[in-house]
Each structure stands twice: as C-alpha cells, then as structure tokens.
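**Q** Just so you know, the sequences run in chain order Z and H.
Just so you know, we're using this note's numbering here: the first sequence kicks off at 56 and counts up by one.
Just so you know, we're using this note's numbering here: the second sequence kicks off at 4 and counts up by one.
In short, the hints are calculated from the structure, not lab data.
In this text the structure is predicted, and so the values were computed from the model without any measurement.
We put the CB at the ideal spot given by N, CA and C, even for glycine.
Careful, some of the hints might be misleading.
[To be verified] Which stretches of chain Z does chain H cover? Using the computed rule of at least three CB atoms under 8 Å from a CB of chain H, they are:
#1 57-65
#2 115-126
[As the list claims (entries may be wrong)] Residues on chain H that point at chain Z, a partial pick, calculated with CB under 10 Å:
#3 Thr175
#4 Ala208
#5 Glu356
#6 Gly465
#7 Ser466
#8 Thr468
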Amino acid sequence: MRPRVGQMLASTVDTTAVIVVRCPDSELDVTCGGAAMIEGTAPGAVTGTADPDLMGGSLLGKRYADEDLGLELLCTKQGQGTLAVNGVPLPVKSAKPLPASD
Amino acid sequence: MNVSMILDMAAEGFGDRVVVGRAQDGLTPVRLRELAAGGARAVRAADADAIVYLATNGPAFAVAQFAAALAGVPLVPVNYRLGEEQLDALLANHPRALAIAAPGQDVAPRRAGLTVRGPAEWLTEAAANTDGDIEPRLSDAPAVLIYTSGTTSTPKGVVLRHHNLVSYVLGTVEFAAADPAEAALMSVPPYHIAAVSNVLTNLYAGRRTLTLDQFTPEGWLALVREQRITHAMVVPTMLARIMDTAGLDLSVPSMRSLAYGGARMPVRVIETALRTWPRVDFVNAYGLTETSSTVSVLGPAEHRAAVASEDPAVRARLGSAGLPVPGIEIEVRDGNGESLGAGETGQIWVRGEQVSGEYAGQGSAVDERGFFHTRDRGHLDTDGYVHIEGRADDTIIRGAENIAPAEIEDVLLRHPDVLDAVVVGVPDEEWGQRIEAVVVPRDGAKADAGALRAAVRGTLRGSKTPDRITYWTELPRTVTGKLVRRDIVAALTAPEDGKKGQP
Numbered sequence: 056m057r058p059r060v061g062q063m064l065a066s067t068v069d070t071t072a073v074i075v076v077r078c079p080d081s082e083l084d085v086t087c088g089g090a091a092m093i094e095g096t097a098p099g100a101v102t103g104t105a106d107p108d109l110m111g112g113s114l115l116g117k118r119y120a121d122e123d124l125g126l127e128l129l130c131t132k133q134g135q136g137t138l139a140v141n142g143v144p145l146p147v148k149s150a151k152p153l154p155a156s157d
Numbered sequence: 004m005n006v007s008m009i010l011d012m013a014a015e016g017f018g019d020r021v022v023v024g025r026a027q028d029g030l031t032p033v034r035l036r037e038l039a040a041g042g043a044r045a046v047r048a049a050d051a052d053a054i055v056y057l058a059t060n061g062p063a064f065a066v067a068q069f070a071a072a073l074a075g076v077p078l079v080p081v082n083y084r085l086g087e088e089q090l091d092a093l094l095a096n097h098p099r100a101l102a103i104a105a106p107g108q109d110v111a112p113r114r115a116g117l118t119v120r121g122p123a124e125w126l127t128e129a130a131a132n133t134d135g136d137i138e139p140r141l142s143d144a145p146a147v148l149i150y151t152s153g154t155t156s157t158p159k160g161v162v163l164r165h166h167n168l169v170s171y172v173l174g175t176v177e178f179a180a181a182d183p184a185e186a187a188l189m190s191v192p193p194y195h196i197a198a199v200s201n202v203l204t205n206l207y208a209g210r211r212t213l214t215l216d217q218f219t220p221e222g223w224l225a226l227v228r229e230q231r232i233t234h235a236m237v238v239p240t241m242l243a244r245i246m247d248t249a250g251l252d253l254s255v256p257s258m259r260s261l262a263y264g265g266a267r268m269p270v271r272v273i274e275t276a277l278r279t280w281p282r283v284d285f286v287n288a289y290g291l292t293e294t295s296s297t298v299s300v301l302g303p304a305e306h307r308a309a310v311a312s313e314d315p316a317v318r319a320r321l322g323s324a325g326l327p328v329p330g331i332e333i334e335v336r337d338g339n340g341e342s343l344g345a346g347e348t349g350q351i352w353v354r355g356e357q358v359s360g361e362y363a364g365q366g367s368a369v370d371e372r373g374f375f376h377t378r379d380r381g382h383l384d385t386d387g388y389v390h391i392e393g394r395a396d397d398t399i400i401r402g403a404e405n406i407a408p409a410e411i412e413d414v415l416l417r418h419p420d421v422l423d424a425v426v427v428g429v430p431d432e433e434w435g436q437r438i439e440a441v442v443v444p445r446d447g448a449k450a451d452a453g454a455l456r457a458a459v460r461g462t463l464r465g466s467k468t469p470d471r472i473t474y475w476t477e478l479p480r481t482v483t484g485k486l487v488r489r490d491i492v493a494a495l496t497a498p499e500d501g502k503k504g505q506p
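Between the sequences and the hints, there should be enough to build the whole structure, so can you do that?
**A** If you want it as structure tokens, here you go:
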C-alpha cells in the first residue's frame, strides 16, 4: 500500500490503530501483528490471524518510526500487535519534546 | 480525521487527570468528552451549522471546541468587543449558528437571530445531555474559522481543517509528556489562534490549563502564584507590562516555562525578563492564524546562549523566531518568487500539513508547490534561524527606498526613556511616504526627539530617521498587542492639530 500523511490505519488482528505522521512516497507493507493494516479509525471485526511472534504491543501516543525509510506512525489506540514495515518491527522513536509554545 | 481524536486519546491515556480549570474542581478528559457529547447534541437539537463563540476564555470554550468537532460543524471564535457594524457583518455569515455569549454581551447575536446561550447555560445544557457515546459526525466542515483583519478592512475568515490542527498537535507535542504538577496559564482571548491550538496541545500533553481573560500584571502574577502555574503563554505587550510596572512582586517560584508570540518582542523586554527570572525557560513562537499557530520556535537554550554571547550573530538570535518546527519548511523569496539565500531579506513562505492558507469563500491561497505567503518580510541566517523584519504591508516606501518600521522601532525601544514606540509611513508629496514615529515616554522621562533621532542615525542610516516624533501617553494596541497602523497614520494626518509633534 502507499501510505499518506494523515491517513488513519487500523489493525485487523487486534485493537491497535495509528495515524501516519510522515511517510515516503512509495509502496510499503504496513502490518500490525503480522497482518496488513487497513484504512480506518477503529478496528473492525478481527478478520485475520495474528502472528504470535509479532504481538509485542503498541502503546498509546508513542511514535513508531523508521528514519531511513522516512516513515513515522503514531499510535492512537493501543493494542497487542507489533507495528512493522516491510516485515521489520518499527522501533519506538525516543521523544525529544519541543518546548510548549502556544 | 477529527480533533476529537485528541480528546479520545487523552480520555484513554489519563482520563482521571484534571486538565481544564482549577486543580480542585476542574474537568478531566473523561468529563470533557461527556460535556462535548452533550454540547454536540445541543448543537444538533438547535439545527445549528456552527458554534459562534463570543464569550471570554474558560471551560466553556474547551467544551465548545470539542462539541463542534463532534457535531461536524465549525467553531467560530469572535471578538465580542468588535464594533457593531463589523460584528453584524461577521455574524451575518453564520445565520444558523448557535452563539455562546455572556448575558449583556449578546445583543449582536440576538439581533442577528442566532440561538444564544450564556457560557454557564451552555455548560449546564451540555451536562444535561451526556448520556451515551456520540460518534463524531464526519463532514467536510472546517474545524475552526477565525476572522483575521490583516491590513485590509474587511475581515477574512481563515479556514482551519481538522487535519491542519491535528498535524500541528502531533508534530509539536509529545503525548502525555506533562507531569501532573504542570499547570498552564493562557492569557490570550479565544479568537486568537493560540487560544484555539492551546486547548489541543495542552490536552494532548496532559497539562492542566487555566485562562485569564482580563490581563493585568497584578492579576497574572497573583494567579501564577496561587495556582502554581508552571507554563504560561503571553503576548509581548503583557510581558512588557509585567516588567515595566513599578512596585510589583515579581516572584514566580513555580514558573518553569514562558512562551510568547503574536507580535514582535522588544529586545529590551526579553533581556529584562531573562535577568529577572533566570530559572525560567523562555520560548518565542512565530506563527499565523493561517498556519494553525506555531511554525518556528526559539527555545530556552538559544535564549540563554544569545544573551550570554559576545558573538553578534548569536546575540541577534534573541530577536529571531528560531528554527522551523517538525514538518514545516520555510523559504524566503524575492518579489519574483525566486528563493533567496542566507542573509538576504525577502518574503517568508511556509509549507506543511498544519498550514491551511485557505480563506472562507476564497479557497486555497497556497502556490503550486503548496507554499503559503505569510506576507512577512524576513531572512534566514546561515544556521537556518528565521528572522522576521515586519509585515510586508507595513513597509515604508520613501523615495526609492524600502524601509522596515521594525528596525527603527527596535532602536527607539532600546532607548531607556522609551516605553513603547511605533514607526509608520505617512503620505508625503515629495517622497511618497515620509517616516514618522509615535513614542510613549517612560514616566518622568524626557525622550528628547533630538536624542532619539541621533540614536537612529547612529545605528541605521540618516535616511531612516523619523521626520517627526509625536508623543502619546499610550499606543492603541489590541488586547493581543497588535497595532492598527492605518489608525495611527490617520491620527497623525488628521486635519485638527491636537497632536503636535517635534521634528
């Protein structure tokens, strides 16, 4: 799939949902729990089977990013699935907060 | 996508933390969501297509913002103190709105035939309708519409879409990053973009937020101490008044961070504040209504480095707007649209998801590469810091020379006798425009015109010295510190001789 900035993606095997914060302009395999994520805000019915090795969990509000790919997903609903891109689990991006400005 | 997602995440992540109002009786995200749902039901019951918010800042505003989002209608914060004609014209754009206005300040919306609720009434009605969840109504409606007058007389409605505001929040704030002791104080009115974005950014961070709707230096200081405020946002004139008012108790033991923006900060004021409160982190934020607020930030470390540095380039950063925030690109272009290099002054253009550049009834004003013309003049330095030199429309054209009032004002504002100053271009038969200044002297100070002109001549060029300096006891600044320069020009050129100046 070709993700878009601002796109909402939902897991088909657990409750995880994300929003795309940054992405390259290319085809990427975005998965959660090993299954391809679908466009949407809420998990629909569980339609796939989770890969038990990819159920490390996704935490609310955390950023999952691959800097080389230029992809950043932000978890808007947490769940048991592991977020991955092209088969590789996405690490949590360490927070470097800007000072509060407005 | 909807800004209510921010509220859902807050309710999920720290649902029982007080996030709006006082620690003892404020709203938690869970309660805020209930009230927002109740408010959305009230909007639908009234068959309203917008929420026009005319009251002062407070919990009713936060509820209104999210109720509008859930109902799928825009929030339209308006200054209830606008002149009658202007207010009527503005409200005529929203004949089916639900208006929130305090009793006594609701004449205009009633006259316009809108459904009117006082802020307390609005909260009561929302509280009475909280049963059950509400699905946000997805619509194409903007999230927020803010009228900005700019330098033309007809206010333009800036359209902010849900994705602009959400991307701004996600791009600049870390979720739940605030510790429970943090408390923010907002002093700008609800029709200012910072008040709108602030509801979202503080909620997302988990930082309790209070509002002060009638700013006085004494009231601000007392509230900061009483509520143990850790983070505050002010406009430059507020900080100037805090620093310049004699006899105040300036102790702010709880304060960790002070952010300012919305107008140019006189260097003298920020230098005084840095010396007065050395432990406070200062943050300068530059942004526009059209960019969902902040696009560049000068952080605490840069403030401290600038004030301590011998290097003029580093010192100059104190007057800068800092570095672009994540997701934002800034370009400086000449009059032909060509990109300029470091150090070259031109017009500032900005691109990013949070940049709307859309006006009601006029569509998008971004160029083919997605860049929005801020109409601010400025330059980037060699390290990418943005330096704003003033509104392009304020540029004085004297003969063949373009003169930025800001650089002359900076010199005047540095003079110890000067409390406030403005420089404008006044029509002149020979030069097209001539330069005039209006100065507010410090109490008991002389602010001698000869001395001021010499200061300008010494720092800038002779051609930039004001032809005339007029003395007023205060400048007509708005509540957020903005000056309407054409009103100043009108007063200076008025036929009657009530305001004689010194050449």
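**Q** Each hint: holds or not?
**A** These are the hints, each one checked on the structure:
no. : hint    : in the structure
1   : 57-65   : holds (count 3)
2   : 115-126 : holds (count 3)
3   : Thr175  : 5 Å, holds
4   : Ala208  : 7 Å, holds
5   : Glu356  : 6 Å, holds
6   : Gly465  : 39 Å, violated
7   : Ser466  : 37 Å, violated
8   : Thr468  : 36 Å, violated
The structure is inconsistent with the numbered hints 6, 7, 8, although it conforms to all the rest.
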